[in-house]
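Chemist: Protein sequence lines correspond, in order, to chains A, B and C.
Just so we're aligned, residue 1 is where the first sequence starts under the working numbering, counting upward by one.
Just so we're aligned, residue 1 is where the second sequence starts under the working numbering, counting upward by one.
Just so we're aligned, residue 1 is where the third sequence starts under the working numbering, counting upward by one.
Among these hints, one or two may not hold up.
Which copy? The list can't say, so a pair holds if one copy fits it or any two copies do.
As the list claims (entries may be wrong) - Derived pair list, reagent style DSS-like, types lysine-lysine, alpha-carbon separation capped at 25 Å: (1) Lys177 to Lys113; (2) Lys57 to Lys69; (3) Lys78 to Lys90; (4) Lys71 to Lys57; (5) Lys112 to Lys177; (6) Lys112 to Lys42.
Simulated from the structure, these hints should not be mistaken for lab results.
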Amino acid sequence: MNFAFCLLLSFCSLTLGQEGLLETEGTTENEPCFPDLCKFIKEFAVMKVKLEAVETKLNESESQVLVLKEKGEALETKLKETESQVLVLKQKALKVVFSAGILENAAIGPIKKPKTLVYGRVITNVGNAYNQNTGIFVAPVRGMYYFSFFYHAGGGHPVRLRLIKNNNSVVEITDHKTLMDGADNGGNAAFVELQQGDQVFVRLDANHHVWGNGYITTFSGFLLHQI
Amino acid sequence: MNFAFCLLLSFCSLTLGQEGLLETEGTTENEPCFPDLCKFIKEFAVMKVKLEAVETKLNESESQVLVLKEKGEALETKLKETESQVLVLKQKALKVVFSAGILENAAIGPIKKPKTLVYGRVITNVGNAYNQNTGIFVAPVRGMYYFSFFYHAGGGHPVRLRLIKNNNSVVEITDHKTLMDGADNGGNAAFVELQQGDQVFVRLDANHHVWGNGYITTFSGFLLHQI
Amino acid sequence: MNFAFCLLLSFCSLTLGQEGLLETEGTTENEPCFPDLCKFIKEFAVMKVKLEAVETKLNESESQVLVLKEKGEALETKLKETESQVLVLKQKALKVVFSAGILENAAIGPIKKPKTLVYGRVITNVGNAYNQNTGIFVAPVRGMYYFSFFYHAGGGHPVRLRLIKNNNSVVEITDHKTLMDGADNGGNAAFVELQQGDQVFVRLDANHHVWGNGYITTFSGFLLHQI
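So here's chain A without its partners, still in its complex pose (with noise of 0.2 Å):
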């Protein structure tokens, strides 16, 4: 029997020889083969210590993954988060920017209406917002916005421009009639919050004048910041 069990020992010795599992070095068949089984035994005690660092390797990888999820879904939040602000000042950087100035080399008035001053020599015109048929910006968003207007006029007749926001006067300038200076400049400017849709234009008094030109009566704006 002790043989028989030491031959099986030996023949599986021989097949799983590769695997080097239960190699007798030296074993003859008249030798016990007990110490292989021992051995087995052994090998056996080695893997489960390894299976159960494996485990334990395991259980903390696996609660490392868990972290690195967590960690990264908050990344992946407070990511979107910083992307919408960027989103958010990329649209405060909307532009909306014009400077025009009157296009006819010509006395404008005086007549016996108000007019809206049509500045057709567009110098800039980012955004479309001032319409150089018309002479009226009509704010493309709610925001806070610039205006500046300056003229050149003879003294023959009084003048007076109002900035007018939809119908109401923000700033004006005024000059007297004289004969006896030929000419006056003016100018002014105010920071005006738009409504979206809000008009702004300038507007000549009845009875006033001013002189046209491309280049010294003008009126321009930007839009300084959304709300």
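Please build the complex by placing chains B and C on the supplied structure of chain A, with the hints as guidance.
Modeler: Same frame as chain A, now just chains B and C:
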């Protein structure tokens, strides 16, 4: 002994049959049970290989987790930098804007002492840096600011307006007295760097005058950017 | 033989006792040791199940790591995009601002040839795009710029100032000669798109004059936004 050992393995085979371990198909009490042990040893060898494969894969997985951790930390650091840059960009978008006109429809001056002009008709005052009771703008933050001011005045007295930063003149407007010209206009503007708390206002010189009017004698400013 | 095998297992039990393997509580030399082998086989079955569980968990963990890797790469890509957008926003915040006044407290002109006005009193010059020795502003980048200029002049000669972009007039100010009005003021402003290297300055026409003064005849500009 052989028989007894065989019995044991058969018993074990029966109890462990559900896991497919050491099943001895067609084994009878009379047949030798050594092949079962051999199969067991083979299974052990297979398991050993599997365990080694698992160990290898786990090591790879662990090193990937480590790489992910480092990448995650690098991403976190970069995201924090980006977030703080976005915050700076948002802060740079701090809004300080005002426009105001002199409220009284009357001459201001001439008087014996210089006088800070009080523009009591507020058109815009985002950030409340301009005080409509004193006429003084106080810089809420260090930055680059723009100021413009325009006047209208009759010809009976000279005009001198100074844009004052703390106690120093930045830019000015002046006009002579003339009995021949009923009125004049003027304006000026400048970009000025201000420290937090710096005061900016328009001063009328002694013995000079200006025509107050909510619409034509105005003062405007805005924060171009923080520094 | 039975006795010898039992001895072997007992010996193994003793040597592996610390790992808790094959412990035969209460076993004596006279009791049969087969239950130990049975226990061993059971333990092996348990271990096999554990290994399978470990394999399953490892596969899950590996696929989660793979998902994390992909997510991490996606986050990295998005973060890079956000970073470059923030960079663009920061670059858009490039600061180019200047304000200067004519240094000499004297008349400039009239002379026979047109003359570039040199505003030698620098109030602000962020970015050094304005040259106080030549009076010329050179656009450091392509963008939308704003320029304003104001003058004061006596009435003895006419005034004509042109805001020149390269060789073209953008906006102008003009005033007549008058012996009846001691002095006049004027200003103008415009938003102008400039290419990098474009030159902007104020030109005084031949036979015209302006009153130099660091405070009242001024030139300002700033980069509204890059294009």
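Chemist: Against each hint, give a clear statement of whether it holds in the structure.
Modeler: Cross-check of the supplied hints:
no.: 1; hint: Lys177 to Lys113; verdict: within (18 Å within a copy, 31 Å between copies)
no.: 2; hint: Lys57 to Lys69; verdict: both (18 Å within a copy, 16 Å between copies)
no.: 3; hint: Lys78 to Lys90; verdict: both (18 Å within a copy, 16 Å between copies)
no.: 4; hint: Lys71 to Lys57; verdict: both (21 Å within a copy, 21 Å between copies)
no.: 5; hint: Lys112 to Lys177; verdict: within (17 Å within a copy, 30 Å between copies)
no.: 6; hint: Lys112 to Lys42; verdict: neither (115 Å within a copy, 112 Å between copies)
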